[in-house]
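The numbering of the sequence shown is the numbering used here, which starts it at 8 and goes up by one.
FYI, nobody ran anything at the bench for these hints, they're computed from the structure.
Treat the hints with care, since some could be wrong.
[As the list claims (entries may be wrong)] Only pairs whose alpha carbons sit at most 27 Å apart, straight line, appear in this in silico BS3-like list of lysine-lysine:
#  : residue 1 : residue 2
1  : Lys232    : Lys36
2  : Lys239    : Lys186
3  : Lys10     : Lys242
4  : Lys172    : Lys109
5  : Lys232    : Lys242
6  : Lys220    : Lys232
7  : Lys60     : Lys171
8  : Lys10     : Lys109
9  : Lys167    : Lys186
10 : Lys10     : Lys85
11 : Lys171    : Lys10
12 : Lys64     : Lys220
13 : Lys36     : Lys186
14 : Lys79     : Lys220
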Amino acid sequence: MSKIIAITSGKGGTGKSSICSELGFALAKQGHRTLIIELDFGLRCLDIMLGVKNDIKYDLGSVLNGECDIYKATTQVKIATNLSIVCAPEDPFARVDAETIKNICQEMRKYYEYIIVDTSAGTNASVFDVVEQSDLILINTTPDPVCVRDARTMSDEFYKRGNKKQRLIINKVNPDLFKADLVVDLDEIIDTVGVQLIGVIPDDDAVIIATSKGEPLPSTSLAFKAFDAISKRIKGEDIPLSFKVLLQ
8 MSKIIAITSG
18 KGGTGKSSIC
28 SELGFALAKQ
38 GHRTLIIELD
48 FGLRCLDIML
58 GVKNDIKYDL
68 GSVLNGECDI
78 YKATTQVKIA
88 TNLSIVCAPE
98 DPFARVDAET
108 IKNICQEMRK
118 YYEYIIVDTS
128 AGTNASVFDV
138 VEQSDLILIN
148 TTPDPVCVRD
158 ARTMSDEFYK
168 RGNKKQRLII
178 NKVNPDLFKA
188 DLVVDLDEII
198 DTVGVQLIGV
208 IPDDDAVIIA
218 TSKGEPLPST
228 SLAFKAFDAI
238 SKRIKGEDIP
248 LSFKVLLQ
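Full structure from sequences and hints, please.
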């Protein structure tokens with residue numbers, strides 16, 4: 008059975024799209040047909056992160072305005088056999104039709120094992136309307152107190168709407184600051200947001216390099232190990248949560 012995974016955050020700059028691209032690469036590498044649907048209208052970036060910026064003929068805006076169907080707007084990622092992308096429209100004023108997007112997600116369940124929805128940041132109504140159909144919501148935060156508070160706001164609203172299948176990703180954790188106890192305690196972040204942790208991602212330069220080049224992370228990087236573990240937990244594999252990877 009396919010699974011729709013919504014990845015969201017309370018504010019921009021948390022690395023949400025990087026998480027979408029790298030989780031997509033991880034699941035595809037493990038042999039799973041994976042589709043990423045980008046909803047950050049006017050702020051398209053996944054075409055660059057996935058190395059398909061010159062291959063995009065149609066995007067989600069083309070579907071919403073009736074120019075083409077969802078299949079024509081789906082682009083195969085050349086360097087990842089099992090990964091495809093539906094890019095957000097470049098027009099920031101493109102019409103957001105939550106009901107149509109929900110129908111698209113349900114339609115694509117027939118063809119993909121995992122559908123990753125890259126939502127826009129923030130608490131606007133369209134985010135909640137689209138996310139409500141998801142099988143799993145991944146709330147992304149960084150150790151920054153403002154991000155943590157916004158993540159709690161997002162989580163509270165999801166709970167109010169009956170969305171209980173939430174998990175927390177703590178991104179951009181600096182290993183040196185973590186070892187020196189100079190950042191917000193990770194347990195405190197988990198308690199504040201009130202959501203079960205699914206993974207911690209180190210602040211790794213390899214992420215910047217990989218997403219800039221439109222390539223998967225090198226398997227030797229700390230970030231790769233973190234994304235690999237998160238992807239396997241999403242699949243239900245028993246991968247122990249540990250912060251030791253940050254201390255290596």
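What hint numbers does the structure not satisfy? 7, 9, 13
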